[in-house]
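Visitor: Chain by chain, the residues:
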Amino acid sequence: MSEYDAIVVGAGAGGGVAAAVLTAAGKSVLLLERGRALSFAAVGRDHLRNQRMPVYGHNAGPDIDGNPRTIDASSLPRLVGEALGDKRLLKPHQPGYQNNAACVGSGTRVYAGQAWRFMPQDFRMASEYGVPAGSSLADWPLSYEDLAPYYEKVEWEIGICGDHRGMTHLPAYKKPYPMPALPLPYKSTVHKSGLQRLGWQALRVPRLINSQPYNGRQACINCQHCVGFACPADAKNGSHNTTVPRALSSGNCTLLTEVMVEKLAVSAGGAVTGVTFIDAEQKRRTIRADVIVLSCGAVETARLLLNSATAQEPAGIGNGGDQVGRNLQGHYYPSAVGLFPETMFDGMGPGCSIATCQFNHGNDGIIGGGFLGDEDIVTPITLWKRFYPPDAPRWGSAAKRFMRENYRRINDVTGPVQEIPSPDARVSINPQVRDRYGIPVAHLSGATHPETVRTARFMHQRAREWLRASGAIQVWGMPPPRYLSGGQHQAGTCRMGEDPTTSVVDPFCRVHSQERLFIADGSPHVTNGGFNPVETIMALAWRTAETIVKTW
Amino acid sequence: MTPESAGMNKLFDQAELECLRALLDAIIPADDFPSAWEAGVGDYLQRQLAGDLAKALPDYRAWLAQLTAEARAQYGRGFAQLRLSERTGLLRRIEADEVQTQWAIAPGGFFREIVEACAEGYYSDPGNGGNRDGIAWRMVGFEVTA
Ligand SMILES: Cc1cc2nc3c(=O)[nH]c(=O)nc-3n(C[C@H](O)[C@H](O)[C@H](O)COP(=O)(O)OP(=O)(O)OC[C@H]3O[C@@H](n4cnc5c(N)ncnc54)[C@H](O)[C@@H]3O)c2cc1C
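So the sequences go chain by chain: G and V. Heads up, the first sequence stops at 588 in this note's numbering, and the numbers go up one at a time, no gaps. Heads up, the second sequence stops at 856 in this note's numbering, and the numbers go up one at a time, no gaps.
Treat the hints as calculated values from the structure; they're not laboratory data. Keep in mind it's a predicted model, so treat the numbers as computed, not measured. Beta carbons are placed, not taken as given, at the ideal position from N, Cα and C, and that holds for glycine. Among the hints, a few may not be true.
[Unchecked claim] Computed, partial: chain G to chain V, Cβ under 8 Å: (1) 81; (2) 250; (3) 288; (4) 432; (5) 443.
When you get a sec, could you build the whole thing from the sequences and use the hints?
Guide: The structure is reproduced here in structure tokens:
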């Protein structure tokens, strides 16, 4: 007997939307989240332990102890973690772990809230460019037009500010954004002039931030701690203050936090009937529901499926085609940094306000591309660690003077490069290593396709050109080498498609081998666009949840 | 010594503490803004070496002992007894691994780690123990309005 109509695993971007849409349709939902609900104070303002600069820890989970992963040493750009044979054992805050977050809201609790629609071409990359050797590049089984109505819903229901007239790289919007774009900090006006000088498109970055009071919460107060931190004005719109509270206030939703789903429960015939989870007291429980929605993020959704082997699906549920966990992708960020003759910093947050989609597509001899934008406010220690010129002094009076004179004059421009998927970039299970609950952990292996690295090099040169055009007197930075990427923008591990031998879920994100098992997170993304993914994750989750309701 | 840095006695003896202070204050010296030690970087390091960097404590102690030996070999005095210009000159050579005594631990390599930890204490949030009253943020012009 089912205790709930639906169980949603994971209260992040996709899971929040799924819970909100299902409960709004009158379904009873059990929402299970391994992390905690984090207050503003609990997230804190530690500049060395946050999701943006996780030097010694982070602030939005998962807990540093008891949640390891392993990775092939060859997948790392530099050796980190502990040696474990030919593998490395990683803690959640270490580079290579591919962490996003674990709490109510997940990454959306502390994200920058950049809110991008993918472009029509992003849904048909194989048709646009052909499939490079060794890549698993493919078209999505749906088009921009299919998703556009859901993008619009996310913009209005979750709350996005922006200027739709500037989005000239997209088909015309049916409706404007519900709120105007955030005001431009001084440095963004400089970068805008740089774009105009080059004749490149200049648009206002749409963000999941209230530029005006909206949905009963106040407007952004332009603080300096946006990305990587919680909003002091509660003006940043994430799952924790939109979809999850909406689901709860419907009266149809039960949220359990600090519960880790171990595996899917199945009937004698192998049909998924529920989930087994372990609670904070290490007690194991199985709960049944008619529909199960997995929204654990691309790494953990794959891990959960692979840890759910059954007699009928011995390689893991949905893994009959050996596809679960493959094609892990995120975004390459080929940042360039510039020193400006004038003070660029005026203290007005969040900061990333101006961008160009001039190079997302149509680059001669290059597959795809990405947008380039200016940057959110960079804390002093982040500047020191990430954006300091390689030839500047690191200690002594000269270093102190350099920081003092130039902190306000250094700016970077950057953006996510669309990755070319590789089937070897992969999440599997490491049965030798267990987490604090005794569950086998995710093992990571492979690397992005070499074409990603080539596109990133191309975009790095464009970033340098932009900085020069904006007036930078010195420019530095290096395009990234080849490694395994996923991280905060992780996607792709349960790709969508018509064919069960080359995909995990169908065009409505139902697992091919199961009637009642759906995925609503970044995993079904066939490709990940040259854009931050969250608006697409939310839009797709909306469409999936609506389909579940319609076909109940 | 400030009350906070008194706790360092648990990790370092008096001579080591003086050496550490002389070292940190050569990495970030005083000008019209405070030196590393004055801004609390000693306290930052104390917390770290008792926490996240606990594994590095023996290396810190070993490196400080080498630094003292190297200063004696080159100047006939301990590191803490050197003038700032002498300390800077010596550290520049150590950074380039140009040393006269036998070091059991990479002279320049570990120096760079100490420099990094010193910058973390100085430029990160005051909650970490350094950057007392946000003084480093005032210096660079990072204002927190909310
Ligand atoms: C600092 C930062 C900045 C970011 N900025 C942006 C941005 O500006 N724009 C943008 O588009 N994106 C941004 N992101 C990324 C964005 O947050 C992610 O793309 C998005 O959250 C992914 O959604 P998802 O539904 O796939 O998974 P998630 O949102 O990660 O949700 C997965 C949830 O499932 C839980 N879970 C996993 N396994 C289990 C289990 N077995 N049992 C129970 N619970 C489980 C996790 O704890 C987590 O809460 C940012 C992220 C961070 C951290």
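Visitor: Are the hints correct? Go through all of them and say.
Guide: Comparing the hints with the structure gives:
1. With a least beta-carbon distance of about 6 Å to chain V, the hint placing residue 81 (chain G) at the interface is held under the 8 Å criterion.
2. The interface hint given for residue 250 (chain G) is violated, since its Cβ lies 18 Å from the closest Cβ of chain V, which is over the 8 Å cut-off.
3. Among the interface hints, the one on residue 288 (chain G) is violated; its C-beta lies about 36 Å from the nearest C-beta in chain V, farther than the 8 Å criterion.
4. For residue 432 (chain G), the interface hint holds, the least distance from its beta-carbon to any beta-carbon of chain V being 6 Å, beneath 8 Å.
5. The interface hint given for residue 443 (chain G) is met, as the beta carbon of that residue sits about 4 Å from the closest beta carbon of chain V, less than 8 Å.
In summary, the structure is inconsistent with hints 2, 3 from the numbered list given earlier, while agreeing with the others.
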